[in-house]
Amino acid sequence: MLGELKRQHLIERFDIQEAAASRDIALYKTLSKHNLVYDASSRLYKASESFKSLFDPTAEHALIWITKGLGDGEPRDTTPGITVDFPDQLTWPKLDILGHVTQAIHQKCPLQIDYESLNGSSQRVIVPFSLVDNGLRWHVRGFDRKSGEFRDFVITRIRKASPLLDDAVAVHETSDQDIQWTRIVELTLIPHPDQPRPEVTLMDYAMVDGMLSLKLRAATAGYTLRKWSVDCSPDHSLRGPEYRLWLSDPLALYGVKNAILAPGYVAPDAREF
Numbered sequence: 001m002l003g004e005l006k007r008q009h010l011i012e013r014f015d016i017q018e019a020a021a022s023r024d025i026a027l028y029k030t031l032s033k034h035n036l037v038y039d040a041s042s043r044l045y046k047a048s049e050s051f052k053s054l055f056d057p058t059a060e061h062a063l064i065w066i067t068k069g070l071g072d073g074e075p076r077d078t079t080p081g082i083t084v085d086f087p088d089q090l091t092w093p094k095l096d097i098l099g100h101v102t103q104a105i106h107q108k109c110p111l112q113i114d115y116e117s118l119n120g121s122s123q124r125v126i127v128p129f130s131l132v133d134n135g136l137r138w139h140v141r142g143f144d145r146k147s148g149e150f151r152d153f154v155i156t157r158i159r160k161a162s163p164l165l166d167d168a169v170a171v172h173e174t175s176d177q178d179i180q181w182t183r184i185v186e187l188t189l190i191p192h193p194d195q196p197r198p199e200v201t202l203m204d205y206a207m208v209d210g211m212l213s214l215k216l217r218a219a220t221a222g223y224t225l226r227k228w229s230v231d232c233s234p235d236h237s238l239r240g241p242e243y244r245l246w247l248s249d250p251l252a253l254y255g256v257k258n259a260i261l262a263p264g265y266v267a268p269d270a271r272e273f
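First residue of the sequence shown: 1, per UniProt numbering; consecutive thereafter.
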C-alpha cells in the first residue's frame, strides 16, 4: 500500500531477524518476478509499473491495516461465541486506486487523477497528505492544483490515479499550509433541550458536568456533526428522535468551510436578527 519495501519494514513489523527478512523478500520475488524493482540509491524495493497484488486483499482490510495496524495474521476459524452484528459501509474504494493514493501520501508526491464529480469529469493533479473517513465514505485530503485550494476528493470517484514520483511539491501545497486542516475547533455538545429524558443522553455519551467537549480539525468538523446527528441550529429547532445532541455554541463553527454539512447550521451572516 506504500509502494516501497525495505528489509527493516519486515524486521520491525514481524519481529524477525535480518536473514529471515531477506529470505522472505527473495521468496516473494520468486513468486512474483515483476512486482519489485530495486532502487540502489535508496536501498529499497519499489513497486513496478506492472505491479499486481500476489494476494487478494479487500479495500476494507487494507484500510483497517492503514488505520488500525491490524490484520497481519491469518483469518481465524473460531468465533468469540456471541452474536455480533453491525451495519457495513455501502461501498469501498477500489484497491488499486487506494494503493496509488496511499503511495502518493507516503512518498509525499503529487498524484494525477481522473476524477468524476457532480459537475462532470476532470483530470487533476493533487498533492495528497491524508485519508479521511467521514463516516459514509473515504476521502483523500490534499492540495488541488486545478483550483489552487485544499480539498477533499471521494476516492470511489477516482477512475485512474498515477503517482508523479519525480514531481516536486511546493511549500504552499503541504499540509501545514492547509488552514482548515491545522485549525482545531472546540465544540461543546449537550443533551438536546427539547428531547425527553436527557439523563439517558448523559449516559450514552459519558458526559461530564452535563456536556461532551470535542476538539476536531475544522476540515472534519462538519462530517462528525452530521454523522452523530448533532442539532447545530442556534435555537435547537430540529425535531426528530435522531437529534439527541445539540451544539451549545454554533458560533464555534464560524469560518469552518464544511459547517454547511452540520444539521441545522446557519452561518451568522445569513441569520435574521
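Do not rely on the hints blindly, as some may be mistaken.
20 Å max Cα-Cα, derived EDC-like pairs, lysine to aspartate or glutamate [as the list claims (entries may be wrong)]:
#1 Lys108 / Asp144
#2 Lys146 / Glu186
#3 Lys94 / Asp152
#4 Lys46 / Glu18
#5 Lys227 / Asp152
To be clear, the hints were calculated from the coordinates, so they are not data collected in a lab.
Between Lys108 and Asp144, is the straight-line Cα distance small enough, at 20 Å or below?
It holds: about 14 Å lies between the C-alpha atoms, which stays within 20 Å.
Can you confirm whether the C-alpha distance between Lys94 and Asp152 stays at or below 20 Å?
It holds: about 17 Å lies between the C-alpha atoms, which stays within 20 Å.
Would you mind confirming whether the straight-line C-alpha gap from Lys46 to Glu18 stays at or under 20 Å?
Roughly 19 Å between the alpha carbons, so the hint for Lys46 and Glu18 holds.
For the pair supplied as a hint, Lys146 and Glu186, confirm whether the alpha-carbon distance does not exceed 20 Å.
32 Å, violated
Would the pair Lys227 and Asp152 pass a check requiring their Cα atoms to be no farther apart than 20 Å?
17 Å, holds
Hint 2 alone, counting from the list given before, is not met by this structure.
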